[in-house]
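K.L.:
Can you make the complete structure from the sequences, with help from the hints?
There are 2 protein chains.
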Amino acid sequence: MNQEVKPSLEVCFSPALLHLYDTRDKIVVIIDIFRATSTITAALHNGAKCVIPVASVAECIAYGETLPNSITAGERDGKVAPGLQYGNSPLEYPTEFIKDKTLVLTTTNGTRLLHMVEGAAQILIGSFLNLTAISDYLLAQNKSVLLGCSSWKDRYNLEDSLFAGAVAERLNESFTINCDSARSARHLYRSSGGANFIEFLKDSSHYNRLSAFGLENDMIYCTTPDRHPVVPYLNGKEIIV
Amino acid sequence: MNQEVKPSLEVCFSPALLHLYDTRDKIVVIIDIFRATSTITAALHNGAKCVIPVASVAECIAYGETLPNSITAGERDGKVAPGLQYGNSPLEYPTEFIKDKTLVLTTTNGTRLLHMVEGAAQILIGSFLNLTAISDYLLAQNKSVLLGCSSWKDRYNLEDSLFAGAVAERLNESFTINCDSARSARHLYRSSGGANFIEFLKDSSHYNRLSAFGLENDMIYCTTPDRHPVVPYLNGKEIIV
Chain A
1 MNQEVKPSLE
11 VCFSPALLHL
21 YDTRDKIVVI
31 IDIFRATSTI
41 TAALHNGAKC
51 VIPVASVAEC
61 IAYGETLPNS
71 ITAGERDGKV
81 APGLQYGNSP
91 LEYPTEFIKD
101 KTLVLTTTNG
111 TRLLHMVEGA
121 AQILIGSFLN
131 LTAISDYLLA
141 QNKSVLLGCS
151 SWKDRYNLED
161 SLFAGAVAER
171 LNESFTINCD
181 SARSARHLYR
191 SSGGANFIEF
201 LKDSSHYNRL
211 SAFGLENDMI
221 YCTTPDRHPV
231 VPYLNGKEII
241 V
Chain B
1 MNQEVKPSLE
11 VCFSPALLHL
21 YDTRDKIVVI
31 IDIFRATSTI
41 TAALHNGAKC
51 VIPVASVAEC
61 IAYGETLPNS
71 ITAGERDGKV
81 APGLQYGNSP
91 LEYPTEFIKD
101 KTLVLTTTNG
111 TRLLHMVEGA
121 AQILIGSFLN
131 LTAISDYLLA
141 QNKSVLLGCS
151 SWKDRYNLED
161 SLFAGAVAER
171 LNESFTINCD
181 SARSARHLYR
191 SSGGANFIEF
201 LKDSSHYNRL
211 SAFGLENDMI
221 YCTTPDRHPV
231 VPYLNGKEII
241 V
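Protein sequences appear in the order of chains A and B. The opening position of the first sequence corresponds to residue 1 in the numbering used here, with each subsequent residue numbered one higher. The opening position of the second sequence corresponds to residue 1 in the numbering used here, with each subsequent residue numbered one higher.
These aren't lab readings, by the way, just hints derived from the structure by calculation. The model shown is predicted, which means the values in this text are computed figures rather than measured ones. Incorrect hints may have been included.
[Unchecked claim] Here are the simulated lysine-lysine pairs, BS3-like style, with alpha carbons at most 27 Å apart:
#, chain 1, residue 1, chain 2, residue 2
1, B, Lys-6, B, Lys-143
2, A, Lys-153, B, Lys-237
3, A, Lys-202, B, Lys-153
4, B, Lys-153, A, Lys-6
5, B, Lys-79, A, Lys-153
6, B, Lys-101, B, Lys-202
7, B, Lys-101, B, Lys-49
8, A, Lys-99, A, Lys-49
9, A, Lys-153, B, Lys-101
10, A, Lys-49, A, Lys-237
11, A, Lys-237, A, Lys-99
12, A, Lys-143, A, Lys-6
13, B, Lys-101, B, Lys-79
14, A, Lys-237, A, Lys-202
15, B, Lys-153, B, Lys-237
16, A, Lys-237, A, Lys-79
17, B, Lys-49, A, Lys-143
18, B, Lys-79, B, Lys-202
19, B, Lys-237, B, Lys-143
20, B, Lys-202, A, Lys-6
21, B, Lys-202, B, Lys-153
P.N.:
In structure tokens, the structure reads:
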């Protein structure tokens, strides 16, 4: 008798907890809903050639000077960082602007987590914008998965966990979940009702912070499921689809 | 016009995240539901003179040799640790046994967090067994609070978060909560229905681990609210009520 061995699903709530997880040979999904992974997903679906995630503004500028047809982007404290051209909003990258360009992007939380992951079989970019595409892809691979929340300066945040819960809910039947973070994320997702995520997130630290910068429309966009059904993945230094 | 300034309430999900919080001049509540803080609460309510939490088995033995009328206790991997007399179960410490004795206790997670906290105004011991007593005490102090989950080897766990959510739910009106961990804990608590906690926790890592050691009755005991209405606090090296 063949007993089916299911792959495992775990959730990591903060880069400061990543060392507790074995990422080797797993598929790791980077989650930074507000807004790095949402922006990356949108830009790639809208035709960007690739996205190069970098840690610092200086590195971003250096790439921009050497790469043809590239644009540099990134924010610090809700504003375009000095020396860069664009910000970290998915609304800034419609097809007519971003098509065939290389987007060099620096962000505080998402980029950092992405560069911390070691030995993974694959590193993917997850957001509500590609929720079903990512979930379906993971279901098809039969490989263990770690959903990695970028958090906010290492602090647990609600929106990344909510998305992790949305994925865990979809993967539950086909994966072994023996991880309280994943269980908690599923409870959170079910608390949200599974729809109108932005309403649920209005009582969250990041909503408070970004709405003070007037970025409500960004957050509505970032919590709209399946607007950009692609599966971005890291290939060397580039994120492509 | 007097505008009331409410104290803040935050939740820390793991000792590995404690450095993100400023504990100075706050009341810090140590939470280790399965089972350190439950056992401490039970033993003190049952008349123990004090509890001395220590990090290692060797330290526990050394204290036991010098302190009159003391007993040494602690487990490693669900069994009484070699060299110690008793385990880490609240059921082991009824009044007829523990009254007027000093309990020297070593545990893996709870003790560690307790010793990591710096500069707090007060360090309290929280568990379902003293849920209402702790909540009422915190409501009366008008001081900012950090609820510290001991977790499991730094990994987020469901039972400590559930208890943090139960406290946060009771304190919500009187405290400012701008902490996504606290919001998440409240969502979790509300998911549980606020009763029959053990049923809710049957799908958790710790329940799986401890039930494999036959400790279901311990866990039922540890999730029974208000059995031991005391407020244990750290006084030097001793926990007293």
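K.L.:
Honestly, which of those hints from before does the structure not fit?
P.N.:
2, 3, 5, 6, 9, 14 and 17
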